[in-house]
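Chains as they are written, first to last, in the numbering used here: chain B, 958 to 1221; chain Y, 958 to 1221; chain U, 958 to 1221; chain E, 958 to 1221; chain H, 958 to 1221.
Keep in mind that the hints were calculated from the coordinates and are not lab data.
Just so you know, not all the hints are guaranteed correct.
Copies of the same chain look alike in the list, so a pair counts if it works inside one copy or between any two.
Computed list of lysine-lysine pairs in DSS-like fashion (alpha-carbon distance at most 25 Å, straight line) [stated by the list, open to error]: (1) Lys1210 with Lys1090; (2) Lys988 with Lys1177; (3) Lys1157 with Lys1102; (4) Lys1152 with Lys1135; (5) Lys1102 with Lys1033; (6) Lys988 with Lys1192; (7) Lys1124 with Lys1210; (8) Lys1124 with Lys1089; (9) Lys1102 with Lys1210; (10) Lys1033 with Lys1106; (11) Lys1210 with Lys1177; (12) Lys988 with Lys1124; (13) Lys1033 with Lys1177; (14) Lys1124 with Lys1033; (15) Lys1135 with Lys1192; (16) Lys1190 with Lys1124; (17) Lys1157 with Lys1177; (18) Lys1033 with Lys1190.
If you want the building blocks of each chain, they are given just below.
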Amino acid sequence: MRSSKFFTRLAVLVFVGLVTVSASEAADRDKLLSEPGVYGTFAAFSLDAGWGRQDQAVRIAQLTVLKGVVEQHREKVAIDTYLLRGLSDHADVLFRIHAAELRETQQFLLDLQGSLFVKHLTKAAIMHGLTKKAIYVPGFPDQVKADLKIVSEPGPNPYAIVIPIRKSADWWGLDQDKRVAMMQEHSEASSPYIKTVKRKLYHSSGLDDLDFITYFETSKLEDFHSLILALEKVKEFPYNRRFGHPTLVGTMKSLDEIIEILAQ
Amino acid sequence: MRSSKFFTRLAVLVFVGLVTVSASEAADRDKLLSEPGVYGTFAAFSLDAGWGRQDQAVRIAQLTVLKGVVEQHREKVAIDTYLLRGLSDHADVLFRIHAAELRETQQFLLDLQGSLFVKHLTKAAIMHGLTKKAIYVPGFPDQVKADLKIVSEPGPNPYAIVIPIRKSADWWGLDQDKRVAMMQEHSEASSPYIKTVKRKLYHSSGLDDLDFITYFETSKLEDFHSLILALEKVKEFPYNRRFGHPTLVGTMKSLDEIIEILAQ
Amino acid sequence: MRSSKFFTRLAVLVFVGLVTVSASEAADRDKLLSEPGVYGTFAAFSLDAGWGRQDQAVRIAQLTVLKGVVEQHREKVAIDTYLLRGLSDHADVLFRIHAAELRETQQFLLDLQGSLFVKHLTKAAIMHGLTKKAIYVPGFPDQVKADLKIVSEPGPNPYAIVIPIRKSADWWGLDQDKRVAMMQEHSEASSPYIKTVKRKLYHSSGLDDLDFITYFETSKLEDFHSLILALEKVKEFPYNRRFGHPTLVGTMKSLDEIIEILAQ
Amino acid sequence: MRSSKFFTRLAVLVFVGLVTVSASEAADRDKLLSEPGVYGTFAAFSLDAGWGRQDQAVRIAQLTVLKGVVEQHREKVAIDTYLLRGLSDHADVLFRIHAAELRETQQFLLDLQGSLFVKHLTKAAIMHGLTKKAIYVPGFPDQVKADLKIVSEPGPNPYAIVIPIRKSADWWGLDQDKRVAMMQEHSEASSPYIKTVKRKLYHSSGLDDLDFITYFETSKLEDFHSLILALEKVKEFPYNRRFGHPTLVGTMKSLDEIIEILAQ
Amino acid sequence: MRSSKFFTRLAVLVFVGLVTVSASEAADRDKLLSEPGVYGTFAAFSLDAGWGRQDQAVRIAQLTVLKGVVEQHREKVAIDTYLLRGLSDHADVLFRIHAAELRETQQFLLDLQGSLFVKHLTKAAIMHGLTKKAIYVPGFPDQVKADLKIVSEPGPNPYAIVIPIRKSADWWGLDQDKRVAMMQEHSEASSPYIKTVKRKLYHSSGLDDLDFITYFETSKLEDFHSLILALEKVKEFPYNRRFGHPTLVGTMKSLDEIIEILAQ
């Protein structure tokens, strides 16, 4: 099995590794990942039973096409890749795509689904959200604001967790003041974990059957568990009509790493 | 890949482009899209895994038949087409059909499902509604009435969003006065977005497991998100027992554009 | 396409039309459709993807067997047929079977599912109910009773709608008096539509995960929509824990008409 | 069709009828069906589309193996068989197995699923329960106790109905006294039907996502409907969080009868 | 059938039995199974219809690979195996994996799903939890603490039951004191069964759409039923929003026993 893995790695290097995109053509990834007004899409796919029945050469050829599609679109959109297989029963691979316009994301996913590779990819879930300036933070005390500015360090080889959320109608019917107060309690409860658990929020109302997509990265999974446990105890939590369903758990992997695993 | 797209476009022009319907035979589309008492059907379809495994020539031949079926029925019913693929995990293509009688819509969908093309089309969802005169507007103040008359300009290449709604039994048990007051608040909350987000309402009670189908068109998706967020905060919102499930998000495309994409 | 339809019609006449049942052998349809103590079964079926891939000759041969099975059982049970395809995403064909004993219905459906045709029929839903004398009517005022005796005239080529209902536990816990009063309001609300919308009620408690199956026929679908809207506003409506799910909408068709459509 | 049925019957007699188990080896069926502390399992199976596409000779050969498996296990467990097909959209065949230990039931179902026949059997539902001494009866008045001792006579060729039940948390939180009082009302409501509707209760808490499995046999289906209607009106009924879902309705058939039907 | 079983056993011994892992390489199983801060994963798989259609030789070859994958990973993670088939309609085989890091579990499941065997394994459910020090026990009286220290003796050939739990938002909103008091009542209710029913608790908040996974082992299934019944009656029970769904019931089997059963 060791030598088989070696062969795979070699083949992947030779056949797949040749496809790259020059840095100058790449989308302004930093801007897309940090600014408000950007559309974030989480697209999870499963491999059907037919995938593993193909010859390894065929699988490698198809993965080469996959890589080409991804590299081509990296000119316009920011693409992150995650391996859910082995940790999630919902899907095998997850793409997180950031784009200035949702139609650019659609074009990427059309090409992905149209590629040869995707004959064995079943779409499992697509969720959309929008990044926005923090809504409640301006009303927070200075200390809480300061805590929120601490830079997270998720650590090496982090896990990624995606939890979609739908608030109850009661939540939206509350006065802005009450929501600010509850979100402040929420922020305070999460502050002990801000250093080891990186978070990002997407607003989804109308774009999907959700209000928010919450995204987490950490290599200290126990800290993440403690964070969620702390959030379950604050007054805002009962206003979540849906929390997860699905909760997607995976590991961050480069596209080359995922290709190597799927080629085996 | 560029040259492959060029070939597809050429082939589609030659084989599929010949099928058209003369303007004189077309249904009175303007009337169907503007008058009350018209049945609106949203029929979403998915392509199964077998579609992509066929030769491109076979796919183009089948898409030619599809186009023929659509053009033939355009004599009687108004048909709009949308691409959901790449943005929705519920379906790939959406047809919106307006007809004076639901049996004309049935005849179109029978021919569509019976065509060769549809061997690989799985029906994902069919929803029916009826256009009616505005029920609550007569009770609104003049300013609100005036706001509602502003003509929407959804902009170029718009997105389309379909959100089915079921009201709670409590809603229907309210006095007409209370419902008028709440719908006035609803209208006022949506007025800032009336110019960039085009809306259309279908009444579904009894025709489906729904009370309403709400349909939106906009090229400013962030405005649409803000509209839904505003509607979530009005007093009428908690009376929605079901809101979405599914929320269908796609892009408006001509039939020729969709055919070109599916032919690849 | 026109000539193809003509051929189908001819073939259906020659091959399928020969199978009939003499009137003298037919079940006493009038009695089964009007008397209490009769079991009504709604059995909806879908055609799988393989159906359309068969040769038309094979499809016609199989439809001949289907017709034979139906005609043979018409000696014992009353069978009505409906086309759901093109209007419903739940199923393609609906059989409504009235029988003195449910085991006669089982024998018919066993033979139907065992016939060659049914290799491509997937059962989508089977629902059972029992006709009973009107329970609440004896307590109604004379005028309401008189209104209920108006004979419905559903009109030509009617639509048929089936809505299953489960009442809440609260409903069954109410005093008989309160239920009579609410059902009287229910009857009064529906009286404007009694002439154009024909209705029939089946009692299902214990026979299925339902309490009632409500069945409607009308060629004025807008009247049916108004009827359901009126019923949503009466005090009895919130006691429906399940209303529809599925709502089945189709068109009444003779078996020969359905065979002709499926043969294409 | 008549002659085909005759052939089937003959073939079944010759090939399948030879497999029997001597009475002396049979499990003590009477004890298993009457004593407390016995595990009752309801295992429902569906036949997939491939079953009907096989040659009749192959189907008969496979049914012979099925019969062998059942007869072999009748030495240890009590097995009853029911035909759901034609009456239920949940499954085609139902086995009710009584065993002193659940691992004996597992062994039977393993052999059944491992047999050739089961290549086309899809498991639809497996539910487990335990027979126990009546819990509430000791607190009932003498008359109610006497009523409960009436021996049921379900009549010839009875229908069988299985209704799984999950009680609400509120039910288990009630004082024992209150539960006894409600179960007494429950028993009194069902007493008019005790003669024609045979009942059996299985306790499932922890063994499945259920609290009880209720099993009924009757040839007077209308009486059974009236029984359930009466039970829906007692004070204990609202404490059923789940009642049915699925409700399984079928007819009691010997294994030979079921084999004959499936062989066609 | 006897001789066939004998052959299978022989073949399994010869082909599969050769694959082992020396004790010195094995993960520190005792530590993983007893310490806090360990990740527990329950991964349930179903065999698809294709599995049984393969030759026995092919099945045995594939099971040999399966055993190799398991033995190889036993160097790093602790793996327990269970047979659900015949007792559960959710899955056929269950793996319980204990690991210091979830990425080690992912690596094992990746290799398992990538092995030849798994071409016919469909993943049915994956659930994750984390072992932690008892949270409420420090607040219990000494007698309750002492009871909890009794060592369970599940007996020979035990059954295993897995029940996932999600608490309501109300639970997490309670004061710690109130939760301690309720968990003490919970512990007292379960103490009569502590000797015959072995239990283990996993904390899942954030790692899955669950708060807890509860795991039980017992050869006295009736005691386990009585335990759950007792727990349904304590004040903490209504705070379980989800209890089971699925409840997984199976028998503990060594990998060799499972392989022998699946090889038949």
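Against the structure, the hints:
| no. | hint | verdict |
| --- | --- | --- |
| 1 | Lys1210 with Lys1090 | neither (28 Å within a copy, 32 Å between copies) |
| 2 | Lys988 with Lys1177 | between (27 Å within a copy, 20 Å between copies) |
| 3 | Lys1157 with Lys1102 | within (16 Å within a copy, 41 Å between copies) |
| 4 | Lys1152 with Lys1135 | neither (27 Å within a copy, 32 Å between copies) |
| 5 | Lys1102 with Lys1033 | neither (33 Å within a copy, 43 Å between copies) |
| 6 | Lys988 with Lys1192 | neither (34 Å within a copy, 38 Å between copies) |
| 7 | Lys1124 with Lys1210 | neither (31 Å within a copy, 33 Å between copies) |
| 8 | Lys1124 with Lys1089 | within (17 Å within a copy, 30 Å between copies) |
| 9 | Lys1102 with Lys1210 | neither (32 Å within a copy, 45 Å between copies) |
| 10 | Lys1033 with Lys1106 | neither (29 Å within a copy, 39 Å between copies) |
| 11 | Lys1210 with Lys1177 | within (16 Å within a copy, 34 Å between copies) |
| 12 | Lys988 with Lys1124 | neither (29 Å within a copy, 40 Å between copies) |
| 13 | Lys1033 with Lys1177 | between (32 Å within a copy, 19 Å between copies) |
| 14 | Lys1124 with Lys1033 | neither (32 Å within a copy, 41 Å between copies) |
| 15 | Lys1135 with Lys1192 | both (10 Å within a copy, 17 Å between copies) |
| 16 | Lys1190 with Lys1124 | both (16 Å within a copy, 11 Å between copies) |
| 17 | Lys1157 with Lys1177 | both (17 Å within a copy, 23 Å between copies) |
| 18 | Lys1033 with Lys1190 | neither (41 Å within a copy, 35 Å between copies) |
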